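Enquirer: Based on the provided sequences and hints, a complete structural model is requested.
If you're matching them up, the sequences are chains A and B in order. For the first sequence, numbering that gives the first Met the number 0 puts the final residue at 508, and the numbers step up evenly by one. For the second sequence, numbering that gives the first Met the number 0 puts the final residue at 508, and the numbers step up evenly by one.
These are computed hints drawn from the structure, not numbers from a lab. Honestly, I wouldn't trust all of these hints.
It does not matter which identical chain is meant; a pair holds if it fits inside one copy or across any two.
EDC-like mimics (lysine to aspartate or glutamate), calculated; alpha carbons at most 16 Å apart, straight line [said to hold, decoys possible]:
(1) K241 with D146
(2) K399 with D146
(3) K485 with E156
(4) K151 with E6
(5) K137 with D254
A quick note: this is a predicted structure, and the numbers were derived from the prediction, not measured.
What follows is the residue order along each chain.
2 protein chains.
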Amino acid sequence: MTSQAFEEISPADFFYRNRDIAGFTNPSRAIFASIRELVENSLDAAEIAMVPPDIYVRVTYSDGDPDSNVYKLRVEDNGSGITSRHIPSAFGQALFGSKYKLKQSRGTFGLGGTMAVLYGQITTHKPAYIVSSTGSTKVYKYRIMIDIQRNKPIILERKVLINKEQWHGTIVEFSLEGDYFRAMPKILEYLKQTAVVNPYANVAFIDPKGRFYKFTRVTTMMPSPPKETLPHPYGVDVETVKRLIQMTSHRNMLDFMRTHFHRISEKIAHSFLEFTGIAQTKNPKKLGPQEIVKLVQMMKRYEEFRPPSATCLSPLGEELLKAGILKELKPEFTAVCQRRPATYAGHPFIVETAIAYGGDIPRKGDFILYRFANRIPLLYDEASDVTFRVVKTMNWRRYKVSQDMPIAVLVHICSTKIPYKTVGKEFIADRPEVKREILNGIREVARKLQRFLSKREHVEREKRRLSVFSKYLPKIARFSTKLAGKETEPNIERLLESVNTVGGKEKNI
Amino acid sequence: MTSQAFEEISPADFFYRNRDIAGFTNPSRAIFASIRELVENSLDAAEIAMVPPDIYVRVTYSDGDPDSNVYKLRVEDNGSGITSRHIPSAFGQALFGSKYKLKQSRGTFGLGGTMAVLYGQITTHKPAYIVSSTGSTKVYKYRIMIDIQRNKPIILERKVLINKEQWHGTIVEFSLEGDYFRAMPKILEYLKQTAVVNPYANVAFIDPKGRFYKFTRVTTMMPSPPKETLPHPYGVDVETVKRLIQMTSHRNMLDFMRTHFHRISEKIAHSFLEFTGIAQTKNPKKLGPQEIVKLVQMMKRYEEFRPPSATCLSPLGEELLKAGILKELKPEFTAVCQRRPATYAGHPFIVETAIAYGGDIPRKGDFILYRFANRIPLLYDEASDVTFRVVKTMNWRRYKVSQDMPIAVLVHICSTKIPYKTVGKEFIADRPEVKREILNGIREVARKLQRFLSKREHVEREKRRLSVFSKYLPKIARFSTKLAGKETEPNIERLLESVNTVGGKEKNI
Numbered sequence: 000m001t002s003q004a005f006e007e008i009s010p011a012d013f014f015y016r017n018r019d020i021a022g023f024t025n026p027s028r029a030i031f032a033s034i035r036e037l038v039e040n041s042l043d044a045a046e047i048a049m050v051p052p053d054i055y056v057r058v059t060y061s062d063g064d065p066d067s068n069v070y071k072l073r074v075e076d077n078g079s080g081i082t083s084r085h086i087p088s089a090f091g092q093a094l095f096g097s098k099y100k101l102k103q104s105r106g107t108f109g110l111g112g113t114m115a116v117l118y119g120q121i122t123t124h125k126p127a128y129i130v131s132s133t134g135s136t137k138v139y140k141y142r143i144m145i146d147i148q149r150n151k152p153i154i155l156e157r158k159v160l161i162n163k164e165q166w167h168g169t170i171v172e173f174s175l176e177g178d179y180f181r182a183m184p185k186i187l188e189y190l191k192q193t194a195v196v197n198p199y200a201n202v203a204f205i206d207p208k209g210r211f212y213k214f215t216r217v218t219t220m221m222p223s224p225p226k227e228t229l230p231h232p233y234g235v236d237v238e239t240v241k242r243l244i245q246m247t248s249h250r251n252m253l254d255f256m257r258t259h260f261h262r263i264s265e266k267i268a269h270s271f272l273e274f275t276g277i278a279q280t281k282n283p284k285k286l287g288p289q290e291i292v293k294l295v296q297m298m299k300r301y302e303e304f305r306p307p308s309a310t311c312l313s314p315l316g317e318e319l320l321k322a323g324i325l326k327e328l329k330p331e332f333t334a335v336c337q338r339r340p341a342t343y344a345g346h347p348f349i350v351e352t353a354i355a356y357g358g359d360i361p362r363k364g365d366f367i368l369y370r371f372a373n374r375i376p377l378l379y380d381e382a383s384d385v386t387f388r389v390v391k392t393m394n395w396r397r398y399k400v401s402q403d404m405p406i407a408v409l410v411h412i413c414s415t416k417i418p419y420k421t422v423g424k425e426f427i428a429d430r431p432e433v434k435r436e437i438l439n440g441i442r443e444v445a446r447k448l449q450r451f452l453s454k455r456e457h458v459e460r461e462k463r464r465l466s467v468f469s470k471y472l473p474k475i476a477r478f479s480t481k482l483a484g485k486e487t488e489p490n491i492e493r494l495l496e497s498v499n500t501v502g503g504k505e506k507n508i
Numbered sequence: 000m001t002s003q004a005f006e007e008i009s010p011a012d013f014f015y016r017n018r019d020i021a022g023f024t025n026p027s028r029a030i031f032a033s034i035r036e037l038v039e040n041s042l043d044a045a046e047i048a049m050v051p052p053d054i055y056v057r058v059t060y061s062d063g064d065p066d067s068n069v070y071k072l073r074v075e076d077n078g079s080g081i082t083s084r085h086i087p088s089a090f091g092q093a094l095f096g097s098k099y100k101l102k103q104s105r106g107t108f109g110l111g112g113t114m115a116v117l118y119g120q121i122t123t124h125k126p127a128y129i130v131s132s133t134g135s136t137k138v139y140k141y142r143i144m145i146d147i148q149r150n151k152p153i154i155l156e157r158k159v160l161i162n163k164e165q166w167h168g169t170i171v172e173f174s175l176e177g178d179y180f181r182a183m184p185k186i187l188e189y190l191k192q193t194a195v196v197n198p199y200a201n202v203a204f205i206d207p208k209g210r211f212y213k214f215t216r217v218t219t220m221m222p223s224p225p226k227e228t229l230p231h232p233y234g235v236d237v238e239t240v241k242r243l244i245q246m247t248s249h250r251n252m253l254d255f256m257r258t259h260f261h262r263i264s265e266k267i268a269h270s271f272l273e274f275t276g277i278a279q280t281k282n283p284k285k286l287g288p289q290e291i292v293k294l295v296q297m298m299k300r301y302e303e304f305r306p307p308s309a310t311c312l313s314p315l316g317e318e319l320l321k322a323g324i325l326k327e328l329k330p331e332f333t334a335v336c337q338r339r340p341a342t343y344a345g346h347p348f349i350v351e352t353a354i355a356y357g358g359d360i361p362r363k364g365d366f367i368l369y370r371f372a373n374r375i376p377l378l379y380d381e382a383s384d385v386t387f388r389v390v391k392t393m394n395w396r397r398y399k400v401s402q403d404m405p406i407a408v409l410v411h412i413c414s415t416k417i418p419y420k421t422v423g424k425e426f427i428a429d430r431p432e433v434k435r436e437i438l439n440g441i442r443e444v445a446r447k448l449q450r451f452l453s454k455r456e457h458v459e460r461e462k463r464r465l466s467v468f469s470k471y472l473p474k475i476a477r478f479s480t481k482l483a484g485k486e487t488e489p490n491i492e493r494l495l496e497s498v499n500t501v502g503g504k505e506k507n508i
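Expert: Structure, rendered in structure tokens:
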């Protein structure tokens with residue numbers, strides 16, 4: 000009898016074998032994903048350092064040969080930097096990262112930097128260079144490769160330099176096979192949209208032909224940085240509670256509940272424990288397995304918990320949203336909306352929506368969709384995204400809107416945990432709570448558009464009326480004069496003016 | 000200056016935190032995904048044992064309480080079984096599996112069983128039971144939990160029983176939170192479609208209300224089991240070649256190329272090495288990093304490699320495909336097509352397509368799409384699948400077909416590596432080679448449908464003609480008789496018959 004042969008593979012090996020799920024599907028996607036992952040790391044690092052990001056991205060031919068499909072990618076930032084001992088693992092080990100927190104950040108999977116370096120290695124077999132400093136007296140320079148089967152970085156070289164200028168930041172450089180020219184439109188679109196939602200960032204990009212693209216910051220005001228939060232009782236499972244029990248120093252349930260969960264006051268902890276029937280004085284470490292299960296189930300049933308606070312979130316804000324759209328699309332009309340904080344599975348989130356009409360927006364038979372999550376643009380797999388489905392299934396006729404109008408819809412979701420469906424962060428899962436917020440957000444801006452459109456229609460009607468009057472009134476005046484046998488025609492200017500005023504008034508609304 | 004805090008997480012922890020990417024998004028998806036992953040493991044195991052699968056699935060209320068959302072899931076099979084020492088890890092460790100081979104199998108990520116057990120544990124905190132035997136003298140029974148943070152199984156109990164009947168197979172039982180009644184339609188559809196493409200399998204299912212569903216095999220003839228293959232030179236990267244060099248016992252490049260790659264004869268190895276400029280006698284272990292890169296690049300450029308052989312693949316076959324469709328849809332017309340083996344990134348694949356018209360197929364304004372990959376039905380995220388895009392963008396008017404006709408399209412892809420985009424195996428990435436095959440396959444069956452439809456149209460026309468004739472001919476005969484002043488009408492039967500024959504002939508085509 001044949002039996003199955005089992006083996007264990009490392010996380011790096013898993014993602015090496017299944018690059019598709021991390022967005023490294025082909026040479027064109029790979030170069031896009033590499034740039035994107037490193038830029039997002041850089042933006043996150045600058046926000047941690049609380050400095051307006053200065054990011055420099057350069058793609059050159061690896062051997063100076065324009066016919067080669069091997070490129071050298073370099074990304075520099077002025078972010079918080081990485082402590083020396085973590086540098087090799089941050090870029091040479093899968094599932095090692097700084098993103099495993101309940102906190103709004105662009106990175107989620109702690110995988111991006113390593114995937115980029117790994118892809119470079121398996122296509123070029125060349126090491127990656129990383130230079131970083133946290134602003135201390137030293138700068139560290141590493142040359143590394145990845146032992147994929149063991150999921151460990153191999154340090155080929157390590158140098159320590161003196162940091163005279165107290166520079167902080169990270170520089171990553173490595174070679175990879177790619178298809179830059181196929182990826183180019185998406186890369187430029189990505190950088191452009193990133194600039195729109197991060198208006199406090201400088202992003203410079205030099206492409207292999209030496210073309211220089213610069214997205215200059217329009218403000219140095221940074222949004223308040225997102226904060227780490229405690230888990231909300233609605234969103235925890237048995238595993239989370241077990242881990243909290245393991246690490247807690249509290250010896251009674253009341254303090255345990257108050258300390259380790261989001262927005263539980265003494266009063267609520269008190270009333271909740273009464274609801275569960277678990278004694279306030281009980282030592283959490285003494286809870287049996289089925290008591291933990293019960294605790295978790297009760298958390299989902301108890302209705303008095305306060306909703307997650309959104310203070311840990313950093314939305315764009317209506318003003319910024321509007322500014323970005325006006326800058327990029329120069330529309331005739333725009334409306335924005337920031338929804339109130341909501342929650343799914345215990346994770347707080349905020350949806351922001353915008354709609355724009357006319358101006359530079361092309362008519363292409365479909366609305367143009369801009370999707371953002373935690374301030375990063377999502378460019379691939381639009382049809383799988385929850386936003387796409389919402390827009391597609393909405394009854395737009397109700398808003399006097401048809402698909403062939405020049406309309407752009409923008410949706411930004413920020414959350415401590417974006418429910419991505421792929422590790423490549425291409426699109427967002429259909430969580431009903433998120434879907435509802437998006438729907439209501441789009442409805443709100445759609446209503447504003449409707450008002451604009453029906454007013455404009457009214458104005459158009461008035462204009463037509465006026466044009467009819469101004470065409471025929473002089474003739475009528477002339478005929479009437481002749482009919483009456485008079486010589487001088489009556490003054491029709493005042494009459495026309497009164498018609499004009501109606502249109503004019505409407506125009507100004 | 001704030002710096003980033005780094006941490007390492009285990010693979011189990013990664014998938015625990017990111018359940019969305021493995022298809023465990025909500026209680027409804029979770030129960031569907033659990034059943035699906037275990038059934039697919041069972042089908043694979045039976046094929047390894049080369050016995051027609053007998054699979055038994057049972058979902059009951061965990062505590063007999065119909066108001067509870069906690070279910071007990073049990074899946075039994077008669078497959079190859081798992082050797083005792085591997086049982087705990089097979090279900091209690093992420094990235095430990097038997098699916099990491101170049102071989103057509105339903106499982107791909109080696110993650111399904113563990114994810115199901117893990118989900119059960121984090122929602123119910125209860126252990127999982129696994130009973131298995133490879134048909135030896137013993138049956139092993141384990142009770143395990145998962146240490147998620149360390150990615151290790153915790154063995155709570157281990158029993159060894161005497162295997163008098165030489166039983167082989169695996170039984171898995173565990174509790175999980177779920178929403179069975181929301182998932183029910185998808186679960187039944189999944190089992191039904193699975194039965195269609197695995198007509199040699201018995202699948203029995205008992206749901207929480209005690210309802211019994213049975214899908215009985217219609218044949219005991221098993222397809223020849225898929226074989227493991229060597230990597231094809233077009234599809235390898237530097238990492239793969241490095242690993243092969245590490246493990247090879249060959250001391251020269253000629254033998255190295257012949258032994259470790261797919262379909263490289265001595266002659267091709269000879270000519271290829273000449274093409275690369277690497278000496279045949281060179282010891283592969285002495286290749287420098289840049290020589291390995293060159294070797295890989297040359298493999299992609301060399302045009303004389305034979306295409307991957309499809310002997311390692313196990314497609315459905317046109318007959319089986321047709322039988323499945325006739326059974327399920329009872330269509331008026333059906334056409335099937337098996338494309339010739341093709342390859343993407345060195346992985347062989349075969350596309351099979353079918354189209355069906357009329358019969359039980361409803362008119363719903365859109366075609367019904369059936370998607371299969373390595374004999375498993377794909378039910379979620381249709382709009383993201385490459386097949387959906389192909390069907391949507393095809394010019395159906397060319398085939399005289401419109402979206403509101405009762406049409407079903409079926410696509411099956413089998414490959415040693417299905418390019419899934421999510422770990423949840425919901426949909427397939429847009430690989431251009433795969434897309435092209437699907438397009439050509441659908442075109443072929445669409446052409447056959449077109450011929451059928453235009454013939455039917457012709458028949459309809461003839462029928463109408465005949466009906467006109469048979470209506471008016473007797474009247475004309477009568478009038479003519481009267482006009483001629485005769486008594487007996489002429490015999491019009493022969494005339495009508497000649498008209499009829501034209502229609503009849505067409506009908507039989």
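Enquirer: Which numbered hints are broken by the structure, listed smallest first?
Expert: Violated: hints 2, 3 and 5.
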